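2 protein chains.
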Amino acid sequence: MTFKALILIADGTEEMEFTITYDTLVRAGISCTSAYVAADDDESSTFTNPPFAKGSRGINILPDTFFSPQEATPDKYDLLVIPGGAKGAETISSSSPVQHLVRRYLQEGKYVGMVCAGSLAALTSSLPKQPLTSHPSVKAKLADHFEYSDDPVVVSGKLVTSRGPGTSFPFALTLVELLCGKEKRKEVADPMVFPPGTFA
Amino acid sequence: MTFKALILIADGTEEMEFTITYDTLVRAGISCTSAYVAADDDESSTFTNPPFAKGSRGINILPDTFFSPQEATPDKYDLLVIPGGAKGAETISSSSPVQHLVRRYLQEGKYVGMVCAGSLAALTSSLPKQPLTSHPSVKAKLADHFEYSDDPVVVSGKLVTSRGPGTSFPFALTLVELLCGKEKRKEVADPMVFPPGTFA
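Chains as they are written, first to last, in the UniProt record's numbering: chain D, 1 to 200; chain L, 1 to 200.
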């Protein structure tokens with residue numbers, strides 16, 4: 001069985017968080033699709049071809065497709081990922097179709113991953129109070145509504161949250177482990193050559 | 001003073017190694033330019049606009065410019081970076097203009113960074129025997145010609161080498177420290193939220 005992941009991307013997405021997650025999941029044999037979420041004021045949302053996503057630090061990435069609420073449903077994917085980057089996370093987390101999908105994925109027992117400011121989507125999607133982490137810069141917005149943790153990766157049922165670029169490897173490897181098992185995690189981590197004592 | 005880095009990219013470049021390096025250097029205030037190196041059999045090399053670089057795990061990145069030996073010279077940049085990814089590193093390291101530039105950068109006291117299979121460029125550029133590391137998969141090609149090390153990051157004069165995606169953060173942070181100092185390294189690493197005990 002091949003698992004499938006849908007990874008959202010927008011202008012201002014943190015390109016390390018996006019790339020580390022996508023690439024690590026692909027290394028585990030998970031089929032990844034990146035979908036561009038247009039900002040409300042972005043006229044390119046009427047184009048057929050996705051525009052570039054302009055990363056938070058200037059790397060331009062070509063998404064695989066445009067985000068479509070009809071195509072992004074939990075019957076088609078096993079995992080939905082929302083990366084950070086302040087501006088990108090704001091666009092994604094304020095999208096009401098995304099908020100609706102976050103709730104549907106969790107209701108239908110599919111995984112949802114959020115990293116960095118992407119965790120704001122837990123708030124905008126009105127998820128119930130539960131353990132969660134995020135980038136420290138948005139902790140104040142989340143701490144009252146969730147059981148806020150400073151752990152690098154927090155697994156709460158099917159909701160997996162993490163903190164920033166520096167925790168994106170353990171975040172992605174945790175998603176690999178949850179979908180594909182401990183052995184696959186090790187198989188993926190070993191050739192990535194982490195320094196002794198880190199992550200894997 | 002603003003430092004400038006030229007980061008090479010090709011079809012098959014490891015997109016995490018590329019992205020982590022570029023993004024981390026930008027966070028340090030270093031001006032980064034990515035330049036697409038076309039494979040010998042790539043007819044797109046005659047285009048004016050760079051094509052996408054197709055990353056080793058399927059992420060398509062739009063380079064900032066085409067690699068041009070005339071524009072890539074050490075009087076214009078403080079640092080030349082060669083990322084890994086088997087196919088991308090082969091294209092870049094077998095380019096004789098790149099080999100020439102690697103030697104010129106080092107002769108003129110500018111930094112050269114190589115990560116993963118990118119370290120093959122040290123061999124193809126006929127650099128003198130010195131401490132070096134690489135992805136373990138290409139160790140056999142390099143071990144006779146260099147003082148091979150298994151350290152995550154090896155600094156040998158102005159040549160900085162590293163091992164893979166899992167060492168790309170310490171690789172990039174080491175380049176930040178060498179160019180901008182220890183304090184800037186910490187300033188960049190802190191908001192990236194590494195798990196306690198890793199890297200920073």
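Hints may contain errors.
No copy is singled out in the list; a pair is fine if it fits within one copy or between any two copies.
Said to hold, decoys possible - The list that follows gives simulated cross-link-like pairs (lysine-lysine, BS3-like), each with its CA atoms no further than 30 angstroms apart: (1) 4 with 186; (2) 141 with 186; (3) 141 with 182; (4) 129 with 186; (5) 87 with 4; (6) 54 with 129; (7) 129 with 110; (8) 158 with 139; (9) 186 with 110; (10) 76 with 54; (11) 184 with 139; (12) 54 with 4; (13) 54 with 184.
Hint data in this document are derived by calculation from the structure and do not stem from the laboratory. Quick caveat, the model's predicted, so the values are computed rather than measured.
Comparing the hints with the structure gives:
1. For the identical chains of this complex, residue 4 and residue 186 are intra-copy neighbours only, at 20 angstroms inside a copy versus 37 angstroms across copies, given an alpha-carbon limit of 30 angstroms.
2. With identical chains, the CA atoms of residue 141 and residue 186 are at most 30 angstroms apart between copies only, with a shortest distance of 26 angstroms across copies and 35 angstroms within one.
3. For the identical chains of this complex, residue 141 and residue 182 are neighbours neither inside a copy (34 angstroms) nor across copies (32 angstroms), given an alpha-carbon limit of 30 angstroms.
4. Taking the closest pair of Cα atoms, residue 129 and residue 186 never come within 30 angstroms of each other, the shortest separation being 32 angstroms inside a single copy and 34 angstroms across copies.
5. For the homomeric pair residue 87 and residue 4, the shortest alpha-carbon distances inside one copy (26 angstroms) and between copies (26 angstroms) are both at most 30 angstroms.
6. When the C-alpha separation of residue 54 and residue 129 is checked against a cutoff of 30 angstroms, the pair qualifies neither within a copy, at 33 angstroms, nor between copies, at 41 angstroms.
7. Taking the shortest Cα distances, residue 129 and residue 110 sit within 30 angstroms of each other inside one copy (18 angstroms), while across copies they are farther apart (53 angstroms).
8. Proximity of residue 158 to residue 139 under the C-alpha cut-off of 30 angstroms is restricted to the intra-copy arrangement: shortest distance 21 angstroms within a copy versus 40 angstroms between copies.
9. Taking the shortest alpha-carbon separations for residue 186 and residue 110, only the intra-copy value of 23 angstroms comes in at or below 30 angstroms, while the best inter-copy value is 38 angstroms.
10. For the identical chains of this complex, residue 76 and residue 54 are neighbours both inside a copy (27 angstroms) and across copies (25 angstroms), given an alpha-carbon limit of 30 angstroms.
11. Taking the closest pair of Cα atoms, residue 184 and residue 139 come within 30 angstroms of each other only across two copies (24 angstroms); inside a single copy the shortest separation is 32 angstroms, beyond that limit.
12. Taking identical chains as interchangeable, the C-alpha atoms of residue 54 and residue 4 lie at most 30 angstroms apart whether they share a chain (24 angstroms) or sit on different chains (20 angstroms).
13. In this assembly of identical chains, the alpha carbons of residue 54 and residue 184 lie at most 30 angstroms apart only when taken from different copies (25 angstroms versus 32 angstroms within one copy).
In the structure shown, a violation is registered for the earlier hints numbered 3, 4, 6, in ascending order.
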